[in-house]
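Q: Build the full structure now, drawing on both the sequences and the hints.
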Amino acid sequence: MSILIIAEHDNANLKPATLNTLAAATQIGGDVDLLVVGANCQTVAEQASKAEGVSRVLLADNSVYEYQLAENVSKLVVELSEGYSHILAPATTTGKNMLPRVAALLDVAQLSDVIKVESADTFVRPIYAGNAIATVQSNDTVKVITIRATGFDPVSAEGGSAELVTLSQVIASDKSRFVGEELAESDRPELTAANIIVSGGRGMGSGDNFKILDGVADKLGAAVGASRAAVDAGFVPNDLQVGQTGKTVAPDLYVAVGISGAIQHLAGMKDSKVIVAINKDEEAPIFQIADYGLVADLFEAVPELESAL
Amino acid sequence: MKVLVAVKRVVDYNVKVRVQADHKAVELANVKMSINPFCEIAVEEAVRLKEKGIATEIVAVSIGSKGCQETLRTALGLGADRAVQIETEDGVDSLAVAKLLAEVAKTESPDLIILGKQAIDSDNNQTGQMLAALLDMPQATFASEVVVENGEAQVTREIDGGLQTLAVSLPAVVTTDLRLNEPRFIKLPNIMKAKKKPLDVKTPEELGVSTASNVNVISVTPPAERQGGIKVGSVAELVEKLKNEAKVIA
Ligand SMILES: Cc1cc2nc3c(=O)[nH]c(=O)nc-3n(C[C@H](O)[C@H](O)[C@H](O)COP(=O)(O)OP(=O)(O)OC[C@H]3O[C@@H](n4cnc5c(N)ncnc54)[C@H](O)[C@@H]3O)c2cc1C
Ligand SMILES: Nc1ncnc2c1ncn2[C@@H]1O[C@H](COP(=O)(O)O)[C@@H](O)[C@H]1O
Numbered sequence: 001m002s003i004l005i006i007a008e009h010d011n012a013n014l015k016p017a018t019l020n021t022l023a024a025a026t027q028i029g030g031d032v033d034l035l036v037v038g039a040n041c042q043t044v045a046e047q048a049s050k051a052e053g054v055s056r057v058l059l060a061d062n063s064v065y066e067y068q069l070a071e072n073v074s075k076l077v078v079e080l081s082e083g084y085s086h087i088l089a090p091a092t093t094t095g096k097n098m099l100p101r102v103a104a105l106l107d108v109a110q111l112s113d114v115i116k117v118e119s120a121d122t123f124v125r126p127i128y129a130g131n132a133i134a135t136v137q138s139n140d141t142v143k144v145i146t147i148r149a150t151g152f153d154p155v156s157a158e159g160g161s162a163e164l165v166t167l168s169q170v171i172a173s174d175k176s177r178f179v180g181e182e183l184a185e186s187d188r189p190e191l192t193a194a195n196i197i198v199s200g201g202r203g204m205g206s207g208d209n210f211k212i213l214d215g216v217a218d219k220l221g222a223a224v225g226a227s228r229a230a231v232d233a234g235f236v237p238n239d240l241q242v243g244q245t246g247k248t249v250a251p252d253l254y255v256a257v258g259i260s261g262a263i264q265h266l267a268g269m270k271d272s273k274v275i276v277a278i279n280k281d282e283e284a285p286i287f288q289i290a291d292y293g294l295v296a297d298l299f300e301a302v303p304e305l306e307s308a309l
Numbered sequence: 001m002k003v004l005v006a007v008k009r010v011v012d013y014n015v016k017v018r019v020q021a022d023h024k025a026v027e028l029a030n031v032k033m034s035i036n037p038f039c040e041i042a043v044e045e046a047v048r049l050k051e052k053g054i055a056t057e058i059v060a061v062s063i064g065s066k067g068c069q070e071t072l073r074t075a076l077g078l079g080a081d082r083a084v085q086i087e088t089e090d091g092v093d094s095l096a097v098a099k100l101l102a103e104v105a106k107t108e109s110p111d112l113i114i115l116g117k118q119a120i121d122s123d124n125n126q127t128g129q130m131l132a133a134l135l136d137m138p139q140a141t142f143a144s145e146v147v148v149e150n151g152e153a154q155v156t157r158e159i160d161g162g163l164q165t166l167a168v169s170l171p172a173v174v175t176t177d178l179r180l181n182e183p184r185f186i187k188l189p190n191i192m193k194a195k196k197k198p199l200d201v202k203t204p205e206e207l208g209v210s211t212a213s214n215v216n217v218i219s220v221t222p223p224a225e226r227q228g229g230i231k232v233g234s235v236a237e238l239v240e241k242l243k244n245e246a247k248v249i250a
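Chains as they are written, first to last, in my numbering: chain A, 1 to 309; chain B, 1 to 250.
To be clear, the hints were calculated from the coordinates, so they are not data collected in a lab.
Glycine included, C-beta positions come from ideal geometry on N, C-alpha and C.
Which residues of chain B face chain A? A few of them, derived with a C-beta cut under 8 Å, are:
hint: 1; residue: T165
hint: 2; residue: S213
hint: 3; residue: K241
Using 25 Å as the maximum straight-line C-alpha spacing, the simulated BS3-like pairs for lysine-lysine come out as follows:
hint: 4; chain 1: B; residue 1: K2; chain 2: B; residue 2: K202
hint: 5; chain 1: B; residue 1: K247; chain 2: A; residue 2: K273
hint: 6; chain 1: B; residue 1: K231; chain 2: A; residue 2: K273
hint: 7; chain 1: B; residue 1: K24; chain 2: A; residue 2: K270
hint: 8; chain 1: B; residue 1: K106; chain 2: A; residue 2: K75
hint: 9; chain 1: B; residue 1: K197; chain 2: B; residue 2: K66
hint: 10; chain 1: B; residue 1: K231; chain 2: A; residue 2: K219
hint: 11; chain 1: A; residue 1: K273; chain 2: B; residue 2: K241
hint: 12; chain 1: A; residue 1: K280; chain 2: B; residue 2: K16
hint: 13; chain 1: A; residue 1: K270; chain 2: B; residue 2: K247
hint: 14; chain 1: B; residue 1: K2; chain 2: B; residue 2: K195
hint: 15; chain 1: B; residue 1: K243; chain 2: A; residue 2: K270
hint: 16; chain 1: B; residue 1: K16; chain 2: A; residue 2: K270
hint: 17; chain 1: B; residue 1: K195; chain 2: B; residue 2: K66
hint: 18; chain 1: B; residue 1: K231; chain 2: B; residue 2: K243
hint: 19; chain 1: B; residue 1: K50; chain 2: B; residue 2: K187
hint: 20; chain 1: A; residue 1: K116; chain 2: B; residue 2: K16
hint: 21; chain 1: B; residue 1: K16; chain 2: A; residue 2: K273
hint: 22; chain 1: A; residue 1: K280; chain 2: B; residue 2: K241
hint: 23; chain 1: B; residue 1: K243; chain 2: A; residue 2: K273
hint: 24; chain 1: B; residue 1: K231; chain 2: A; residue 2: K280
hint: 25; chain 1: A; residue 1: K219; chain 2: A; residue 2: K280
hint: 26; chain 1: B; residue 1: K16; chain 2: B; residue 2: K66
hint: 27; chain 1: B; residue 1: K32; chain 2: B; residue 2: K66
hint: 28; chain 1: B; residue 1: K243; chain 2: A; residue 2: K280
hint: 29; chain 1: B; residue 1: K32; chain 2: B; residue 2: K195
hint: 30; chain 1: B; residue 1: K106; chain 2: A; residue 2: K175
hint: 31; chain 1: A; residue 1: K116; chain 2: A; residue 2: K273
hint: 32; chain 1: B; residue 1: K193; chain 2: B; residue 2: K50
hint: 33; chain 1: B; residue 1: K2; chain 2: A; residue 2: K175
hint: 34; chain 1: A; residue 1: K219; chain 2: B; residue 2: K243
hint: 35; chain 1: B; residue 1: K106; chain 2: B; residue 2: K197
hint: 36; chain 1: A; residue 1: K270; chain 2: B; residue 2: K231
hint: 37; chain 1: B; residue 1: K50; chain 2: A; residue 2: K175
hint: 38; chain 1: A; residue 1: K116; chain 2: B; residue 2: K24
hint: 39; chain 1: B; residue 1: K106; chain 2: B; residue 2: K66
hint: 40; chain 1: A; residue 1: K219; chain 2: B; residue 2: K247
A: Structure follows, in structure tokens:
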């Protein structure tokens, strides 16, 4: 068996989700090649070659790949696909955007958001917002899979010494063009990599009020997250949304403040180790899954929490 | 400009689904079904493009058993002009759906194809991307804003790090995210009108597509239940428990 993984990176740093995907590949077994596609991303390739369990790093470094557009990256992956039994990518927005194109071009199914490897052809994935867990077996010649990071403990980022292979294929993308981006800048840990997350919901009431969570997050070294309602209301940007259709997180501690606990929100955080809920409605469904529930007005409890830490 | 919209019939998002006792599938008998929320957003976007004078015709397509005609009527009620049902068993996999939609697109020649980013039953998030690949079209997934002008669509996309804007040449595939729009309520007269709009039924055989799948579902089980926890009486007690019992903060 031989596995190709598409690395998650921003041309400067290898993203942690790649290490979780590598862990899934290790469980499948076989040689693992890590593909780094981007522009001026040599440093990413160097980081990739140190990750545990990588045989070769394939580097496609060209300006046409700068924004990892799905159209040309998928064609590149298909060109490279010969001989691989599995093609994996992290279930991030980049992986989700690009990998189904690879599957379709190879005329095979894609298994999305896999959380467990049963064997080389059998995998476990949540469906219906995690209210059911499906075990599926694929007879496709190449298994194309996105890996949900929370299902796998990351391999070590250090210690490996993979061979670096530079690719020469340049596939332009003439139908799709990057126009601009608005990336969130934050000194906080990334939501999907944080050990502690403090999330706010509609109960926060406004974007300004949301800032009271910062004090708690600062003291805990936590990331800040949000429910869909808080994002829809414009309190915080979309990249903070946790849930079925947002990010999936599983930190050691998840503090839900002013969040009712709709199934779509739970889908993104109920695998957290310890869940705390602060809500003034003692009937809120979030209390059914919270390890520690505090029935209180958040505008009193949150400042008090900040000073108690 | 013609717009094709794919709509899926799914278990309503308010229903807490249950797994069948035999662990083969989820319980679908007597469960409320609705249009997939992301597909509703897709139809709404097409209707807004029509209201702006950019789109001229909206064709809604659904793949599945007879029940999805109801979903198509919802799309027609929202403002689609005509509908196509492709009659299959329910639960056809995304690749087959994409192949069927590709065949429909080849005869309809739409300038824009809008799908939901994700069906809330399968949680696959792949059909639109597959369709774009099969048609060799560009794609703009997870859209929170779509502007069509000069033969291209400028699409703002919700990505993990924030927002990204791409320009894709038409014809293109767009998949919707939650913030793209808020679908309207369907008014009664429009429900009546929807009943009179054309709805064609086709089969995969007519389109020359096999719906066979290489993926077998071995089992469908309920998720591990979380143990219910306790209520604490004060912030001080909460902090004490987190430090000394859960040991998740120092
Ligand atoms: C297709 C689809 C996808 C979705 N995807 C997601 C997703 O990915 N993530 C997600 O989160 N949701 C998602 N949702 C939305 C989900 O169904 C809920 O609407 C949403 O999670 C509710 O957010 P909330 O808990 O912040 O708001 P609400 O349900 O309005 O809850 C607010 C809570 O705050 C409490 N509160 C108010 N004021 C105070 C106060 N002063 N002190 C203490 N508590 C207070 C209230 O008691 C209440 O429990 C999705 C829905 C659909 C249809
Ligand atoms: N059976 C179907 N009929 C019509 N459209 C579908 C069907 N299945 C998926 N789609 C479309 O593809 C989108 C994404 O679905 P999925 O890739 O299954 O998560 C949906 O929002 C629909 O727009």
